Amino acid sequence: MNTMNPSISAEANMRGKAAAISVPEDKHKETVVENKPEDTVIEEGKTVGKPFTADPKFKLRNVDVSYGADRAIKNISLDIGRNEVIAFIGPSGCGKSTFLRCLNRMNDSIDICRVKGSLELDDQNIYESKRDVVELRAGMVFQKPNPFPKSIYDNVAYGPRIHGLANRKSELDDIVENSLRKAGLWNEAKDRLDAMATGMSGGQQQRLCIARAIAVSPEVILMDEPCSALDPIATARVEELIAEMSESYTIVIVTHSMQQAARVSDRTAYFHMGHLAEVNKTDTVFTSPQHPLTESYITGRFG
Amino acid sequence: MTDQRSQAETVRYSLKRRYRTERRFRLYGILAIFIALASLFILFADIISKGHTGFIKTTITLEVTLDSGMMYLDDPADEDQWSSADFKAPIIAALQAQVPEAASTAEKRELGRFLGTFADSEIRDLLTENPQLLNTTQTIEFPTHDRVSVYVKHADNPRYSIKLSEQQQSWVDELLEKGVIDTRFNGVLFNRGDSREPANAGVLGAIVGSLLTMLVTLAISFPVGISAAVYLEEFAPQNKLTDFIEVNINNLAAVPSIIFGLLGLAVFINLFGMPRSVPVVGGLVLALMTLPTIIISSRAAIKSVPPSIREAAEGVGASKMQVVLHHVVPLAMPGMLTGSIIGMAQALGETAPLLLIGMVAFIVDVPDGFFSSATVLPVQVYLWASSSEQGFVELASAAIMVLLTFMIIMNALAIWLRKRLERRW
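Chains as they are written, first to last, in the working numbering: chain A, 26 to 328; chain B, 7 to 431.
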C-alpha cells in the first residue's frame, strides 16, 4: 500500500512574508503555527492519513471535477470501505458535496460539470455504466427533505414501481412497510399512508426520504447534510437511524456539524479548497489531527 | 448628545415621508383597480343595454284559415300549384280580420308589410309536412318584420328610426293591445344560422363554427406546444441554435394576428389546396397563433418546478424520461393549462386572420363538420355590426354577450382545473 507523504508544501503567504512550515515524516506534530492556516497551500493529490482501505466499496483515484473553468475537486484519491460510515467535513465550498454527488453521478444533470479520473463501485467504473443503475445502487438523501407531493405510500413505492421490484400489490406493500420500519417511521405513518407526505413534520419528511432511498435496496446511501434543516430531536433520530443502517449499508455523509461526524462515522475525511487534506479514523481526526488545516478547522479557528 | 437627537429627528422626519410615499403608492393601486373595474362595468352595461333586446323577438299570433281557394292550392299533389300558390293571402286575411278598418287593397298591402319576409314559407312548410291541415283553421305564430319589431321595442329610442306610417303605428298599437302582436324570448337566436332577415338570424351556426374551430386549435396547439416546451426546457442542449429558437418563439408571440391569416391563406389554401371558409383551416391558423403563448407559459411552468423534486426522483434511479413524465409535467400541468386556456380564449375572440381565409362568408347553414363552410362568433359580430338593417344592431350586441359568456365559461374552467390540479410542495 502506498503511504502518502504527509509533508506539506508550504508556500509564501500573500503578503510576501515568506514563512515555511514543514512537518517531518513519521512525526505527527506540526511545529510552526505562526502562519495563518488559511494561507497553507496543499500540494495536489497529497492526503494525510489513511485514505485507502483493504476491501473498498468505492475505489476513487485521481478524481478531478470542474465546473467550466473552475476546478472544484483537485486530484482526490480515496477508498470508501464496505459497510462503513464515512463523514465528509470541511468549510463551505470545499467540494465535499460536489465529491459526494460524483458518487452516484448526480452531477451529470449540470451541463458544465466535467468529471475526470477513475471512480469505481465494486470494481465497476461508475461513469461507464448506466446512470440510472448507479443511482439505483447509490441512493441519495438531500439537505432539505424533498418528498414528492404525493401520499406517503406513493413516495416510498415510487422507486420500487419504476424499477419493477414488486410484481404484486402485496409485495409492494411489504417493501413499503419494511422501508418505513427501517427508517423508524412505520409507527407514525402506518395509519395515514394515504396522507400527503408534504403534510408531515420536517423530521418525519427526512426519515420518509430515507425510507424512499432504501426502498430500492441500494448498497450505498449518500447523505448530503441530512440534518441541517432539522431540530436536535429529529437530528438525534436520524443519527440513530444511521447507526442502525450502517450494519447493512455503506453510508457517506456530508456534514457541517463536527459533533455529528464524531458521533456517527467510522472514518472522517477533511476537505479543503477542493483538496482532500486528511482522512483517518474518526477518533484520530478529532483527537490528534495530523494536518494543520484539520486541526485549525476542528478547533474552530476558521471555517 | 445633540448628534443623537438630530439623528432621531432626521429618522422621524424621513419616517413621515416614507409613510406618506407608502400611502400614496397604495392610493395609486386602488385608483388603478377602480379604473379597470369602472371600464369593465361601462363595457358590460353598454353591451347589455344594447343587446338585451336581441334576446326578445316580436311575433304576430293569428288564427289562419288555410283556405285552398285563397291560396290557389286546390290539389296538393300538383307540383306546379305548389310553386305558384299564394301562401301569404290567408295570413293577410287573418290579419285584416283583427284590423277591420283596413279594408282597401292598399291598406291590406300595408298590413302585409308587418309580416316577416319568411312568413309565407312557414305556411308552406306546415302544409308540406301536414297536407291534411288544408282548409282547417290553425293558430300560428309569425315573426314580424324588422320595422315592426324596431317600433315595438325601440319606439322611445332616438337611435332607431321608425319606418312605419302614422296609420301603421296605430294599427300596431291596436294589435299590441289585443295581444296579437307580442314579445317573447328569441329562441331563433340559438337554433338558427345567419339570415338576411334579423327575425330569422341566429348564432347557432357561429357557435358550432367556433366550437369546431376551437377543437382543431386545441387538438393541435396543446400537444405540440407542451411537447415543444418540455423538449426545450428538459432535453434540448443549451447552444446557439436553441437560443435562436427561443428568441424566435418570443418574437412569434408578438406577430400581429392578421399575418397568421396571410400565412394560412398562402400555405393551407393556396399551397395545400384546402377549401376556404372551413373550420379546419381556421383552427390550423389559430393554432399557429396560439402556439407561442402555450410554449412560453408552459416553459415558465416547467421552470417553476423545484429542482429538489427532480433530484429526489433521480436519487431513486428514475431516468430522465421518468423524471419528466412522472414529476415535472404533472407538477407543471396547472400552469400549462392556464397558459393554454388563455391562448384558447385569445383564439376564440380572434377575427382578423379568419377574414383572410374566407370565414367571413355569409353562411346560413349550421356547419355539420370540420370541412363544411362556417363562420365563428367574433366574425358573426363583425358581420352583423356592419349590416345596414337596424335589427342586426341589437343582434350583434346579443352575439357579443354570447361570446363573452363563452369566454367566462372557459376562464372558469381554467380556474377550476388549476385549483383541482394544484399541489403544494
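Take these hints with a grain of salt, some might be off.
[Claimed, not checked] Under the rule of at most 35 Å between Cα atoms (straight-line distance), these lysine-lysine pairs were calculated in the DSBU-like manner:
1) A/K99 x B/K326
2) B/K159 x B/K56
3) A/K155 x B/K159
4) A/K141 x B/K425
5) A/K84 x B/K326
6) A/K84 x A/K194
7) A/K194 x B/K425
8) A/K99 x A/K306
9) B/K326 x A/K141
10) B/K56 x B/K22
11) B/K425 x A/K169
12) A/K169 x A/K71
13) B/K114 x B/K94
Derived from the structure by calculation, the hints contain no laboratory data. None of the values given here were measured: they were computed from a predicted structure.
Verification of the supplied hints:
1. Distance hint between A/K99 and B/K326 is fulfilled; the C-alpha atoms sit about 29 Å from each other, no more than 35 Å.
2. Between B/K159 and B/K56 the alpha-carbon distance is near 11 Å, which keeps this suggested pair within the 35 Å criterion.
3. Distance restraint check for A/K155 and B/K159: the Cα-Cα separation of roughly 78 Å exceeds the 35 Å cut-off, and the hinted pair is therefore not satisfied.
4. Restraint check for A/K141 and B/K425: not satisfied, since their Cα atoms lie roughly 47 Å apart, outside the 35 Å limit.
5. Under the criterion of a C-alpha separation no larger than 35 Å, the hint pairing A/K84 with B/K326 is consistent with the structure, at around 27 Å.
6. A C-alpha spacing of about 38 Å is found between A/K84 and A/K194, which places the hinted pair above 35 Å, so the restraint is violated.
7. For the hint pairing A/K194 with B/K425, the CA-to-CA distance comes to about 31 Å; that is within 35 Å, so the pair holds.
8. Straight-line distance between C-alpha atoms of A/K99 and A/K306 comes to about 22 Å, which keeps the hinted pair within the 35 Å bound.
9. In summary, the hint linking B/K326 to A/K141 is supported, as the alpha carbons are separated by about 23 Å, within the 35 Å threshold.
10. Restraint check for B/K56 and B/K22: not satisfied, since their Cα atoms lie roughly 51 Å apart, outside the 35 Å limit.
11. Note on B/K425 and A/K169: the hinted pairing holds, with a Cα-Cα distance of about 27 Å set against a maximum of 35 Å.
12. Taken as a hint, the A/K169 and A/K71 pair is honoured in the structure, with Cα atoms around 33 Å apart against an allowance of 35 Å.
13. Distance hint between B/K114 and B/K94 is fulfilled; the C-alpha atoms sit about 12 Å from each other, no more than 35 Å.
Taken one by one, the earlier hints fail for this structure at numbers 3, 4, 6, 10, listed in ascending order.
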